[in-house]
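Peer 1: Build the full structure now, drawing on both the sequences and the hints.
For the protein sequence lines, the chains are A and B, in the order given.
All residue numbers for the first sequence refer to the working numbering, where the first residue is 5 and numbers rise by one.
All residue numbers for the second sequence refer to the working numbering, where the first residue is 5 and numbers rise by one.
The set of hints was computed from the structure by calculation and includes no laboratory data.
Check the hints yourself; a few may be wrong.
One copy or any two copies: either way a pair holds, since identical chains are not told apart in the list.
Below are the DSBU-like pairs computed for lysine-lysine, each with C-alpha atoms no more than 30 Å apart in a straight line [unchecked claim]:
#1 K13 / K416
#2 K266 / K434
#3 K353 / K232
#4 K266 / K224
#5 K379 / K59
Computed from a prediction, not measured in an experiment: that's the story for all the values here.
Each chain, written out:
2 protein chains.
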Amino acid sequence: MYSFDIIIKNGTILTMDSKCSVLKRGLVCIEGDTISHICSDDENTFEADKIINAKGGLILPGLVNAHTHAAMSLFRGLADDLPLMEWLNNYIFPAESRMDADFVFTGTLLACAEMIMSGTTTFCDMYLFEDEVAKAARLTGMRCLVGEVLYDFLSPNYGPIEKGLAYTEELIKKWQDDPLVSIAVEPHATYTCSPDLLQAANKLALEYNVPLIIHVAETKSEISEIRKKYNKRPFEHLESLGVLGPHFIADHCVHIDESEIKRMVEHGVKAVDNPESNMKLASGISPVSELIASGVTVGLGTDGCASNNNLDLFTEMDTAAKLHKIETMDPTVLDAVTVLKMATIEGAKALGLEDITGSIEVGKKADIIIVDTNKPHLTPMYNPYSHIVYAARGNDVSHSIINGQLVMEDRKLLIVDVDEIMSRARNKSKQFQDIARFK
Amino acid sequence: MYSFDIIIKNGTILTMDSKCSVLKRGLVCIEGDTISHICSDDENTFEADKIINAKGGLILPGLVNAHTHAAMSLFRGLADDLPLMEWLNNYIFPAESRMDADFVFTGTLLACAEMIMSGTTTFCDMYLFEDEVAKAARLTGMRCLVGEVLYDFLSPNYGPIEKGLAYTEELIKKWQDDPLVSIAVEPHATYTCSPDLLQAANKLALEYNVPLIIHVAETKSEISEIRKKYNKRPFEHLESLGVLGPHFIADHCVHIDESEIKRMVEHGVKAVDNPESNMKLASGISPVSELIASGVTVGLGTDGCASNNNLDLFTEMDTAAKLHKIETMDPTVLDAVTVLKMATIEGAKALGLEDITGSIEVGKKADIIIVDTNKPHLTPMYNPYSHIVYAARGNDVSHSIINGQLVMEDRKLLIVDVDEIMSRARNKSKQFQDIARFK
Chain A
5 MYSFDIIIKN GTILTMDSKC SVLKRGLVCI EGDTISHICS DDENTFEADK IINAKGGLIL
65 PGLVNAHTHA AMSLFRGLAD DLPLMEWLNN YIFPAESRMD ADFVFTGTLL ACAEMIMSGT
125 TTFCDMYLFE DEVAKAARLT GMRCLVGEVL YDFLSPNYGP IEKGLAYTEE LIKKWQDDPL
185 VSIAVEPHAT YTCSPDLLQA ANKLALEYNV PLIIHVAETK SEISEIRKKY NKRPFEHLES
245 LGVLGPHFIA DHCVHIDESE IKRMVEHGVK AVDNPESNMK LASGISPVSE LIASGVTVGL
305 GTDGCASNNN LDLFTEMDTA AKLHKIETMD PTVLDAVTVL KMATIEGAKA LGLEDITGSI
365 EVGKKADIII VDTNKPHLTP MYNPYSHIVY AARGNDVSHS IINGQLVMED RKLLIVDVDE
425 IMSRARNKSK QFQDIARFK
Chain B
5 MYSFDIIIKN GTILTMDSKC SVLKRGLVCI EGDTISHICS DDENTFEADK IINAKGGLIL
65 PGLVNAHTHA AMSLFRGLAD DLPLMEWLNN YIFPAESRMD ADFVFTGTLL ACAEMIMSGT
125 TTFCDMYLFE DEVAKAARLT GMRCLVGEVL YDFLSPNYGP IEKGLAYTEE LIKKWQDDPL
185 VSIAVEPHAT YTCSPDLLQA ANKLALEYNV PLIIHVAETK SEISEIRKKY NKRPFEHLES
245 LGVLGPHFIA DHCVHIDESE IKRMVEHGVK AVDNPESNMK LASGISPVSE LIASGVTVGL
305 GTDGCASNNN LDLFTEMDTA AKLHKIETMD PTVLDAVTVL KMATIEGAKA LGLEDITGSI
365 EVGKKADIII VDTNKPHLTP MYNPYSHIVY AARGNDVSHS IINGQLVMED RKLLIVDVDE
425 IMSRARNKSK QFQDIARFK
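Peer 2: Now the structure itself:
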């Protein structure tokens, strides 16, 4: 009798591979960090060191949060319901000016605890002190693609931009053989990065064959600013700099026109939708259904906690499905399967990690979650996709396996102490109480 | 030393009364069905039969789901992502044609279990076989305002409309002294009810001093239909029939213009917003910020599970806050406090139950929930309102008290067997598997 490290049994598997198979009474077998066998539970003649009973729930690939600023979990609820510039200038920037490496480490630990507990197994991060983000993610067992934010002004981490590029190169070298951490080059945006910086960042990304990640067309004011400076729309500007390509990941893509979508398709640019943050800041709505129809790979992200205010990709899926329906006044767009793809395999594709994660397939790394459906709000069950997107919530996830390691069992984190993380986060938050809007 | 029936201690109280006080380390004392004392925990020299430790969490009034079709929980995920008429004609209507009293009883039990477990203590229902809804709600300990849906065609419950009015009158008489159940008169909509029916329904409502509840201006096609039939907009039509008044509750109010808002204000009409359902069916967006600014009382509802697909008012609040921001492109509208009011005291006002529920005030009935904030996604805490609206989820509610009765403790339902309810719901759903879209 063959023996595996982990077997997950007695659940319905949503593979999210190219066939999007639904395997009732499915069995997933894991050896080391890899999915090694998928079959029907009825054929189960295997043994394993660890057998996980999904108890009739849903077994699916771990979710991919394709754009966030994890450490901003420490700014959750610091200030809400404000005009963008007042929010940034009076709350977020003053708070960020007090930020240090320990803040980022602590905030990322908190974010990773939340993400694991809500079904995310991979996240893509852009912030400061990203080496701390990688360390914290590593400690919690999460998979991540991270990059230091680069811009023209002085950074509290690296100082002048030349050092930012050097810091990024060091990150790439330091983490290149890590099984969980990947590094990207991450200039902030077209309005905060000079053409020289954007081109230098792109050169670095191409040299090391890593993604180039940037916020694009998030707000209307960005469009006017780029128009004023360069007499171009953001994607026109980026194309003229020669930085677009399949390695280019554009976060937000709210205010983009037909010609820009065409440019994105031509260059194989990837996009990440952040519907809740775009709604909360009243930035606008990304034309996601058009992007997908045009063939653009679109992932899904929560953005940071200061503008969401959580990292729950289940509600983000729900919001994405509904927002793009109301935007187009068409209830058929972004159906449940399409949206679950955005949060799994398409997100993995967007980040260039589709050979590793995003679906349950033999040979891929074992990034798998179980959703407990034995609850009133998930009863009865006609359609598992519908339940995942429209009815389930992050805290319905009972188990999480990342890279073959069981990191959550029956909602208990196994490799970090969640109480210690929360206590550390509360202590850290004290230094921002005087900035907080609610007194 | 004075002794109460229940004391809730060691939490932050959000009163949601006219002062919207936030009482840190607050204490709520309950005698029988009533809130009898509110003070600081430090002054606690009281005893009680039952002492509930909120463990530093948030203590708030139970949420008011101001518009739903509870029994449709059995159609959750039956069919999604479809054009409205295809969804109705090919899935919902065929399924409803197989509906009977036991279906409604079972579906409502399931919905009540879900609602209690996600912090709702009062709901307003419109469906068929409403006596069963009242019975099921009563069994689970929930407060409700229910009414049999009335329309021009034959009903599977009462047959011709005369019998529908008689059935409603019987409901009013049967439940008039009940501490939890109230009855309303509920014609379906202007396009399904003749002027005669609307006026007869209004007469009955006025005679017994109960609310008149109706869907108004939910879809664009409704507007054209009423224009075609009566050459009026829906609220013009309703005004001309003389049925508007402070007892009139209008669900949805999506496609309404300035003149209609003026009419609503003049007549003291109440409104209920159902943002998630309106998004999922691509119906449109209600001008809620305008309604509130004009002085209209606006409650919040989930609508039925077939178009949502859950009854979680926490995510409904989150969606409402974000949707109306993006609709107006103004991040300051529907701030967290305003939205929590919609789901508590304003919802109670909309239903005419503001003397009974919707806030934590001495003399009101004890409808109270506790939100467990000791979780990564609710850490740190700068602002309790922000956490409730933007970060918390229904399953963060740990305790629920309705009318002085503890109905949920540490997420366990105390007076009904949730496993039995789910099993009953699953059995009932089998007869609809052949209709379900997903095979």
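Peer 1: Which of the numbered hints are not met once you compare them with the structure shown?
Peer 2: 2 and 3
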